[in-house]
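K.L.:
Chains as they are written, first to last, in the numbering used here: chain X, 107 to 519; chain S, 107 to 519; chain A, 107 to 519; chain G, 107 to 519.
Some clues are possibly wrong.
Repeated chains share a single entry, so a pair holds when one copy, or any two copies, can fit it.
Stated by the list, open to error - Taking lysine to any residue pairs in the SDA-like style, the calculated list, with each CA pair at most 20 Å apart, reads: (1) LYS396 with ASP432; (2) LYS118 with ASP432; (3) LYS246 with ALA387; (4) LYS246 with GLY388; (5) LYS484 with SER285; (6) LYS484 with ASP423; (7) LYS396 with GLY201; (8) LYS163 with GLN146; (9) LYS484 with ASP363; (10) LYS118 with PHE148; (11) LYS246 with GLY373; (12) LYS169 with THR116; (13) LYS396 with ASP205; (14) LYS305 with GLY367; (15) LYS396 with ALA199; (16) LYS169 with GLY373; (17) LYS484 with ASP191; (18) LYS246 with GLN190; (19) LYS118 with ASN438.
Derived from the structure by calculation, the hints contain no laboratory data.
4 protein chains.
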Amino acid sequence: MTNSRTYTATVKAEGHLIDSQLLNAIFDVVIEGGGAFEVQHFDIGRTNDDFSRLTLKVSTESKPSLDRLVEALIPLGCHVAEEQDARLQASEADGTVPDDFYSTTNQRTQVRVDGAWIDVEHQRMDAAIVVSGRTAGCRKLRDVRAGDRIVCGLGGLRVTPEFRDRERADFAFMSNEVSSERRVEASVERIARMMEAAKARGQRIAFVVGPVVVHTGGAPYFTALIRAGYVDVLLAGNALAVHDAEAALFGTSLGVDLEAGTAVYGGHQHHMRAINAINRAGGIRAAVEKGVLTRGVMVECVRAGVDYILAGSIRDDGPIADTVTDIIEAQNRYTAALDGVGMVIVLSTMLHGIGVGNMLPAWVPVICVDINPAVVTKLADRGSSQTIGLVTDVGLFLHQLAGRLDAPANPAV
Amino acid sequence: MTNSRTYTATVKAEGHLIDSQLLNAIFDVVIEGGGAFEVQHFDIGRTNDDFSRLTLKVSTESKPSLDRLVEALIPLGCHVAEEQDARLQASEADGTVPDDFYSTTNQRTQVRVDGAWIDVEHQRMDAAIVVSGRTAGCRKLRDVRAGDRIVCGLGGLRVTPEFRDRERADFAFMSNEVSSERRVEASVERIARMMEAAKARGQRIAFVVGPVVVHTGGAPYFTALIRAGYVDVLLAGNALAVHDAEAALFGTSLGVDLEAGTAVYGGHQHHMRAINAINRAGGIRAAVEKGVLTRGVMVECVRAGVDYILAGSIRDDGPIADTVTDIIEAQNRYTAALDGVGMVIVLSTMLHGIGVGNMLPAWVPVICVDINPAVVTKLADRGSSQTIGLVTDVGLFLHQLAGRLDAPANPAV
Amino acid sequence: MTNSRTYTATVKAEGHLIDSQLLNAIFDVVIEGGGAFEVQHFDIGRTNDDFSRLTLKVSTESKPSLDRLVEALIPLGCHVAEEQDARLQASEADGTVPDDFYSTTNQRTQVRVDGAWIDVEHQRMDAAIVVSGRTAGCRKLRDVRAGDRIVCGLGGLRVTPEFRDRERADFAFMSNEVSSERRVEASVERIARMMEAAKARGQRIAFVVGPVVVHTGGAPYFTALIRAGYVDVLLAGNALAVHDAEAALFGTSLGVDLEAGTAVYGGHQHHMRAINAINRAGGIRAAVEKGVLTRGVMVECVRAGVDYILAGSIRDDGPIADTVTDIIEAQNRYTAALDGVGMVIVLSTMLHGIGVGNMLPAWVPVICVDINPAVVTKLADRGSSQTIGLVTDVGLFLHQLAGRLDAPANPAV
Amino acid sequence: MTNSRTYTATVKAEGHLIDSQLLNAIFDVVIEGGGAFEVQHFDIGRTNDDFSRLTLKVSTESKPSLDRLVEALIPLGCHVAEEQDARLQASEADGTVPDDFYSTTNQRTQVRVDGAWIDVEHQRMDAAIVVSGRTAGCRKLRDVRAGDRIVCGLGGLRVTPEFRDRERADFAFMSNEVSSERRVEASVERIARMMEAAKARGQRIAFVVGPVVVHTGGAPYFTALIRAGYVDVLLAGNALAVHDAEAALFGTSLGVDLEAGTAVYGGHQHHMRAINAINRAGGIRAAVEKGVLTRGVMVECVRAGVDYILAGSIRDDGPIADTVTDIIEAQNRYTAALDGVGMVIVLSTMLHGIGVGNMLPAWVPVICVDINPAVVTKLADRGSSQTIGLVTDVGLFLHQLAGRLDAPANPAV
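Just chain X, same shape as in the assembly (with noise of 0.2 Å):
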């Protein structure tokens, strides 16, 4: 095409850029984005310690193509050379923002206001970015109002991704891929440290915990963590509460007996009589104050203090009357629990993985747990480049882990 126009934009980037594989990311996104590239300056770093730095002309033949260029390089740790303030407009209607609105990833992420750099708080994905004054925060669609100025357009936006740091001692640990066929044992000690780690800096550990840790026989250790300090917030929905309840007052799990591990007759009604225990007794709390439920997971949790939520679902029995059932609350519920957390754990539950993943930003590391490597996967796949994915039975893995933790089970709790 002879005539065709070329439109150009210069951005830089500095950073682990071939170690954190950015380089070759920003160098697809052009070529896949049907644009060409030239390296105008590149200083590669030197040694391992060494930051890399980017001066990159990037070409397309038509205007918006350049922007969605541009725009798929922001995540990438570019922004354009020319400074410029981010584009501010109000929003129209509560609940809505501009058609050409910053859709935010989970990355660090600065906004340019008034000539200054100012850091963007609550970083999460899939928000729009809500400027208040000397103030950037990140805001669900849902809660903006009308008049709220978000920014717009790509100018004025600076994102950090995390980059990889081959230094520490779990960087290879965390770039395994999913696989089942992996000594389990090895993760856990990393995973066992990496929670010390995290108390010893202060941090709250997360769990989100499925049915499944109750099915497995995982619970003795699992409230055995609890006991010993390592769980300060329990993400789950009303199934977790229910089958606890179900151990807790008949011994079987969707009546299966938990030590023989056969089915009891009859048992399929346990669920629906442990739900009428606990909702009879006024909720969890009251429950374990009456002594209607005397041991399990969530006996624990209210004796220890944890912040547990559990969010309702579709496929819910009941619910029990702790489980929130609106699941706008829930969420936010869910993310003011998040709020700070060092770590998360999430136990067998894709469902509330998932929505747990949305909701952090991009340094807590999160370790995924489940025997069904496709629910490993796309925890990992989900944006959340921090996700250590780990795919073995979840009950002997908590074993496993309360062992390394020095937090004895106590089968009688």
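Given chain X, put chains S, A and G in place with the hints provided.
P.N.:
Same frame as chain X, but now just chains S, A and G:
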């Protein structure tokens, strides 16, 4: 234990006890429940059409274990030989029932009130039976009100399990175990014929649909089914509508170009822009009317008057305005929409599929299609004996199904 | 069809026909085979201990379909009411049998020769029965020689299916469906008890082992089982020995450091160096004697005198000198090693597991452990009704099993 | 460690180091190998077409660790800066090589002999390089003969990794991660185009096929591909031929009626009768000539002159006469058949797929189709960077593929 007293009860059952494997299950329950049995009378069906009749004396060493045993036999079609009225007891508080309430299965059930056997309405599993005058109906625990008369204990109850009918064309088909190593075309042919038969009987067909239908390119074929009149009810979550809108507005699904099959860089923001576009319009119907949405699954649903309900979940982005965010309300609306449907087809959604499975009586056939055998197995295991599982690619499945129902895909729509 | 002639046969069966679900299967076969049945006599077992007795008239509209139907009833324990000798026909050429040869199941079988019922030896599935004088035995088609007298047709045959025994401790355990959502510790306890019982009865235990046992860190626990005397036969492939040697010589498995759990760069060559080291020594035994191999699974097998056989496959690297590269010879040696074993445990190998399943009579219990439910289901589906499936992490499983058998792992070995 | 001496080496690399992610991998290897690096020179490709050039000094604290590090860098395209001849050492005994032999990757490799760089022939992974005069070739360890001159150590070696080419139409397609949530129709279109291109270049196409192709009803479409000339080589096992013959002779596959999709009682014997029928005829070709086999995959292969090889395995029934029961011979024949093929398509067989993957040079694209994502992942992980995985139903995939290649299925054949 020489001095042990023996407690006995006599139960009766009749029907296709052999071919429905009920006789075997009845004996299993007695032995595994720690009891003993003595066949007092067994009259085998002489030919395939004849019923068998059983009178069985069961004995255990304690009254409670005898009660548990008889309770476990009721879902298998046994009833206590001695006729008596069901025991009714009033609920003491809203949302609760007496401890020994009868928790329903999804099988046809009758209760005896004032000497007369009456059919239980709105049959579903995990409910209480509320008797009011000469009527009885299943009611979820949360919908029970103080003073409602609840069926308790085991007397005055008759359950009639669905009998497998060897002569039915789809008998062998329905008893297939879950396997990915089958010829899907043969199964599609059966399902198409079942759908035609359901429509010929004037029954409605409900689809329960996950967003994978969009990702796998099944939407053009699914919309063809809508236009051809095979979709009366659509039960889904927020994600289906979001990804359908993303495909309609941007041609991508989760940022992947549906034509080229490759990731579009920057495409990860498409779903947020799609949500914003719909919510700015005021929801799906308004977006269709205003011409914001011009094609896709939701557009066809609006045009064809399909009863669609989107249930919220903890992992929702947005959600779009149409999503029912309270799960109690979502369950109630799902249940209402399912009232009287003749067939249910679940496409790639474990969450909504289990939710729907909990709501259906045992005589509504459910087809479950998923590429993950674990999902199919899980749905088939949850007491939904009527579930036919098909492990295959859902996009290609819909392509085949539309072809066999003469429902041509219109790529432009 | 008014003029159609009807062909009939009368068959008899006795045993635990209800609890083994044989009665149901018999009726199914008749109806699905296009026939009709009439129960001429049915005497139900009055208690759980009593046998049931059936006399059944079956009818079809052609002689060939009647024959096929009776043929299909034989594996279910039916025999033609009229006693007759088995028909014997000579093989015409080595490795072949007459077209209508009786193809065996893995159930106990008797043939009538000269008026006497004789037991078939070396029972296995997919074989012909060769009669020689007063003895009869299963023989693979390839081992048939011209002139061998082969059992043909359906007369003179009696098959006695394994009856499920409700009183056996492991009855309910064995009838568990495949699921990853179970408490593995309960299952391990059962398996440990079954192993102790087998040893107490003086029976040998065979393990069928894939290399995943090494990758997942199970080797120290498996070698503990060898030292404790629980492994009499080891059936595996070349890969087990290769990865075991790699672990012994380099501390890696497929290039992954077993202690650290991370990939060792350059480690992908370790398995080739291990193969070369063993083959230079002259094979495994020589490598042990010369001190080339000092620890690991194969070393312990050599020391403990375990009968090990490594079967070749198309994906083998090397192979090491011990590998039996001709699969006919490998099958023959597997079969010989399995003669009379009391229990088989298959650890993470579908290929060898299916191979072994084909060789076993129905009364030898098989435990199949794999993290992939598809593998467990496939092994359980192949006519091996005796298979108990366990979906879990095989490394952690072996850790648990060694613990419950008081077989302490010696990390140094 | 103050007194520690430092050992250094200088390596060079050139090529598309960024987009092939080699630069990142090179740095990773150094750091994870316990070394340090210093970039002495890096010349980045200014545009997408330009090569990059790297000179890197690496240092460690011991000579062995330096050697291991340099060894690990060679497959990434690095070569020692100082030119030297490869060190050659004679094999001492048949089937063995010196301890420090160079174990090949599947990438293009050159060795320097007498000052000249010569290309290594028959490139494949896990082989030794034998130099004879002015030629060098990969040789499996077992094929090495005493006296062969083997390349040892790390000098005089150059490996040229395949560069990912962003401009190639299938670049993005090939870099797709494994997922079942994709639109298969888009992928089929790509594959069809790749096949047409391969044929247009005069290249042969090899299919590696499991029996699932028959079970899932793919055979009519696969035979259409044979007739249309798209299948030059068929690599499979005994089971494919057995189940193909069962389908041809009885219309069933593993006893399941392919039309009706339901189990045929007694059908479990069909595969044994099929084996007997073929072996009585004297093998597949003879069975075709004698009219015993008149349709199916193997018949079409015989008619079209497709080079087919059936490799034996431990789980084989029969096997049929054509099966190569010695796996060394089977590997050799597979390897010979693959010589020079331009494209390989693996359909539902992990066993044979891994076997073939081991034999191929890195520049032959491999398509792997399986409904089980674990199989696809495993094949893609085994160093076969050229593998494109597709998680879908193989029967429906073949239906689509035949359609897009205008190869109509003839149900009668």
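K.L.:
If a hint holds in the structure, say so; if it doesn't, say that too.
P.N.:
Hint check results:
1. Taking the shortest alpha-carbon separations for LYS396 and ASP432, neither the intra-copy value of 27 Å nor the inter-copy value of 29 Å comes in at or below 20 Å.
2. In this homomeric assembly, LYS118 and ASP432 never come within 20 Å of each other (Cα to Cα): the closest approach is 44 Å inside a single copy and 46 Å across copies.
3. Proximity of LYS246 and ALA387 under a CA criterion of 20 Å is satisfied inter-copy only: 18 Å between copies versus 37 Å inside one chain copy.
4. Proximity of LYS246 and GLY388 under a CA criterion of 20 Å is satisfied inter-copy only: 17 Å between copies versus 33 Å inside one chain copy.
5. For the identical chains of this complex, LYS484 and SER285 are neighbours both inside a copy (13 Å) and across copies (9 Å), given an alpha-carbon limit of 20 Å.
6. In the homo-oligomer, the alpha carbons of LYS484 and ASP423 lie at most 20 Å apart only across protomers (16 Å), although the nearest pairing inside one protomer, at 26 Å, exceeds that limit.
7. For a Cα distance limit of 20 Å, the shortest separation of LYS396 from GLY201 across copies, 19 Å, qualifies, whereas the shortest one inside one copy, 43 Å, does not.
8. When the C-alpha separation of LYS163 and GLN146 is checked against a cutoff of 20 Å, the pair qualifies only within one copy, where the shortest distance is 7 Å, while the shortest distance between copies is 26 Å.
9. Taking CA atoms no more than 20 Å apart as the test, LYS484 paired with ASP363 passes between copies only; the shortest distance there is 19 Å, against 32 Å inside one copy.
10. Taking the shortest alpha-carbon separations for LYS118 and PHE148, both the intra-copy value of 10 Å and the inter-copy value of 19 Å come in at or below 20 Å.
11. With identical chains, the CA atoms of LYS246 and GLY373 are at most 20 Å apart between copies only, with a shortest distance of 19 Å across copies and 43 Å within one.
12. When the C-alpha separation of LYS169 and THR116 is checked against a cutoff of 20 Å, the pair qualifies only within one copy, where the shortest distance is 14 Å, while the shortest distance between copies is 46 Å.
13. Within a single copy, LYS396 and ASP205 get their C-alpha atoms only as close as 54 Å, which misses the 20 Å cut-off; across copies the closest is 16 Å, which meets it.
14. Proximity of LYS305 and GLY367 under a CA criterion of 20 Å is satisfied in neither setting, with 36 Å inside one chain copy and 24 Å between copies.
15. For the homomeric pair LYS396 and ALA199, the shortest alpha-carbon distance between copies (17 Å) is at most 20 Å, but the shortest distance inside one copy (48 Å) is not.
16. Taking CA atoms no more than 20 Å apart as the test, LYS169 paired with GLY373 passes between copies only; the shortest distance there is 18 Å, against 66 Å inside one copy.
17. For a Cα distance limit of 20 Å, the shortest separation of LYS484 from ASP191 qualifies neither inside one copy, at 37 Å, nor across copies, at 49 Å.
18. In the homo-oligomer, the alpha carbons of LYS246 and GLN190 never lie at most 20 Å apart, since the shortest distance is 25 Å inside one protomer and 59 Å across protomers.
19. Within a single copy, LYS118 and ASN438 get their C-alpha atoms no closer than 36 Å, and across copies no closer than 54 Å, so neither meets the 20 Å cut-off.
Hint check: violations occur at hints 1, 2, 14, 17, 18, 19; the rest are consistent with the structure.
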